[in-house]
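Enquirer: Chain by chain, the residues:
There are 2 protein chains.
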Amino acid sequence: MSAQETKVSAGALLRFSAACFEKLGVTPRDAQITAENLLFANLRGVDSHGVIRLKIYTERLRAGGFKANVRPRIVSEEASCALLDAGNGLGQVAGVEAMKLAIAKAGQTGAALVGLKNSNHFGAAAFYAIQAVESGMIGFAATNAGASMAPTGGREGRLGNNPVAIAVPAGKYPPLVLDMATGAVAWGKIFLAQQKGEKIPASWALDKNGVPTDDPNAAADRGLIQPFGGYKGYGLSLFIDILTGVLVGGGFSTHVKSLYQKLESPSDVAQTFAAIKIDSLMLHAEFCRRVEEIIDLMHACPRAPGSDRIYVPGEIEHETEQRRRSEGIPINATLREELIALARDLGVPSLF
Amino acid sequence: MSAQETKVSAGALLRFSAACFEKLGVTPRDAQITAENLLFANLRGVDSHGVIRLKIYTERLRAGGFKANVRPRIVSEEASCALLDAGNGLGQVAGVEAMKLAIAKAGQTGAALVGLKNSNHFGAAAFYAIQAVESGMIGFAATNAGASMAPTGGREGRLGNNPVAIAVPAGKYPPLVLDMATGAVAWGKIFLAQQKGEKIPASWALDKNGVPTDDPNAAADRGLIQPFGGYKGYGLSLFIDILTGVLVGGGFSTHVKSLYQKLESPSDVAQTFAAIKIDSLMLHAEFCRRVEEIIDLMHACPRAPGSDRIYVPGEIEHETEQRRRSEGIPINATLREELIALARDLGVPSLF
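Residue numbers (this note's numbering), protein chains in the order written: chain A, 1 to 352; chain B, 353 to 704.
The set of hints was computed from the structure by calculation and includes no laboratory data. Every residue, glycine too, gets a C-beta built ideally from N, C-alpha and C. Treat the hints with care, since some could be wrong.
[Claimed, not checked] Some chain A residues flagged as far from chain B (calculated, every beta-carbon gap over 10 Å):
(1) GLY45
(2) ILE52
(3) ARG53
(4) PRO174
(5) ALA186
(6) ALA220
(7) THR254
(8) TYR260
(9) ARG336
(10) LEU346
(11) PRO349
(12) SER350
(13) LEU351
[Unchecked claim] Once the Cα atoms are required to be at most 35 Å apart in a straight line, the calculated DSBU-like pairs of lysine-lysine come out as:
(14) B:LYS560 to A:LYS172
(15) A:LYS189 to B:LYS560
(16) B:LYS452 to A:LYS208
(17) B:LYS452 to B:LYS560
(18) B:LYS541 to A:LYS199
(19) A:LYS208 to B:LYS551
(20) B:LYS524 to A:LYS199
Just chain A, with the same shape it has in the complex (with noise of 0.2 Å):
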């Protein structure tokens, strides 16, 4: 695998990605911004989030499904809420802006949450929970998707892979910061697990059929993903579907669209944002000694056999970020390709 990759510094990497959007009628502004949260996504060793997805965001942007120069529109707003249109804008803008105004919001008054519709695949949630985190608070960032898991018990998609993030500072430490999706597990391992012929957990997927499978060709035949730990990954799921899509008055449930289908149509998808102002609790600097305290704890705790290490969440993509940083951020040969035509097809210097 490793003889198949090439490696790109993340300033050039941040580079190409803006200079492909510019090509496609994004402001320079807007392009930054995007390009930052797909970097950002690529630096933490979330590569599923990062330029794998200039392709697709390309063909939506020329398809009319994502549009290039919208700016998100202020719908209704009191103290501490606002519903904000993105006008099916590029998500990662109307994103940024969302969890600023939850930001602005929350310091005047202590907490805030800022809904928004007619949006976009936002790329990585911990990009928008950190934005909070940067200016002394706890950021929240939540987004529907297209459906893809069942509700317990059933055998079709009804609700997405939906995340949440959450993110602290943590003083002396990098911010703890949790991002999970409700499935069980991403489709890239089952794939990975079908090209290496081995058997998967039955917790991971169903077949066609609704049926837990252990084998990754039934679960890649129509199958679907499950929900992580049973009937508590669905209600939480079901639950961010109700906070983000079903609150703001955007696409719920079946009414969210792929972001590979239907490129020339709004994929209605719908994100929350949310941000509480520590000081309005506690001073920022005691919180923060109190944060590192529990890191602490946690570090320390007597470790199970054949355990290395004990981590906190945020800690291993903190850790990726350092490496990639330094090392620059690994592309595979698929992936190196799929750049290669992308930049011939903009007409933008390519990274290879």
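Chain A is already provided as a structure; the job is to place chain B on it using the hints.
Expert: For chain B alone, kept in the frame of chain A given last:
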């Protein structure tokens, strides 16, 4: 089992619990609130949080680990945020007060969060989340608890089986209520497997050495419950502890005491409550119509083999409540003896 069960009416159980609390020096109003919280759990089939707790509450009130007559005090306050100090009073009394404040603030600003420190065991978290629904809002309640779970890769208790509850109105349907702990299972189910001589799933518990076990005896011998869904459940539990104990200035991780130890000392439990005013984002009636639709979409999902019915969160509990309101609440032989002894001890008329 059913031969050993006695059924008691909701009204009788409520009056009995309230009478016990009054004998212990709790005001009639606070005794009523606390009794209602225990009854709520019994009615909904969550018997682990019902009158089975009367005995330990009595012991703590007598020993000084719960204060009978303190009012929660506002420590700091902003438009959408407040910090309350429960003064080591009953968790239910302070919890209801904190949620009321969150609802009042959300009514003014759209969204609000209230933290509660120096609190105690507050029973079923759903009780508070549903308070918001009764005011036309979305409600959240979370608490930390004595450390009983290890972080992923650890083998000592560092986090409570911390629950979070979310409730939303659902129009013609009963409110949707998610009330989930972050552990894979309640200890009661492990004890039941012990009694029956059955194995348990390897994802439920660790033995005393931190190794996953399918032997309920090994789990019960100084073992630990595992977080649900692996590292995601660990992450959720850690973040609930941060959003409750760490953020509000209460105990967290190993600093929170078990309800059943040191009966004379504060447990140092912390809770956080939040409310979102639905009308800030859309008309309440329209929200309810959309929630009805998402419920219908879940119910109508084609079923997997072996599945008789698809439920939404809170539906089983609601149906149990309907049944128990008409048929009475089952009290098993052990609990019956305990309540008889308690009645005698406190000089309250026995239920039996």
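Enquirer: Now look at each hint and say whether the structure bears it out.
Expert: A quick look at each hint next to the structure:
no.: 1; hint: GLY45; in the structure: 15 Å, holds
no.: 2; hint: ILE52; in the structure: 23 Å, holds
no.: 3; hint: ARG53; in the structure: 23 Å, holds
no.: 4; hint: PRO174; in the structure: 15 Å, holds
no.: 5; hint: ALA186; in the structure: 13 Å, holds
no.: 6; hint: ALA220; in the structure: 18 Å, holds
no.: 7; hint: THR254; in the structure: 6 Å, violated
no.: 8; hint: TYR260; in the structure: 22 Å, holds
no.: 9; hint: ARG336; in the structure: 31 Å, holds
no.: 10; hint: LEU346; in the structure: 38 Å, holds
no.: 11; hint: PRO349; in the structure: 41 Å, holds
no.: 12; hint: SER350; in the structure: 38 Å, holds
no.: 13; hint: LEU351; in the structure: 34 Å, holds
no.: 14; hint: B:LYS560 to A:LYS172; in the structure: 33 Å, holds
no.: 15; hint: A:LYS189 to B:LYS560; in the structure: 32 Å, holds
no.: 16; hint: B:LYS452 to A:LYS208; in the structure: 47 Å, violated
no.: 17; hint: B:LYS452 to B:LYS560; in the structure: 42 Å, violated
no.: 18; hint: B:LYS541 to A:LYS199; in the structure: 30 Å, holds
no.: 19; hint: A:LYS208 to B:LYS551; in the structure: 30 Å, holds
no.: 20; hint: B:LYS524 to A:LYS199; in the structure: 45 Å, violated
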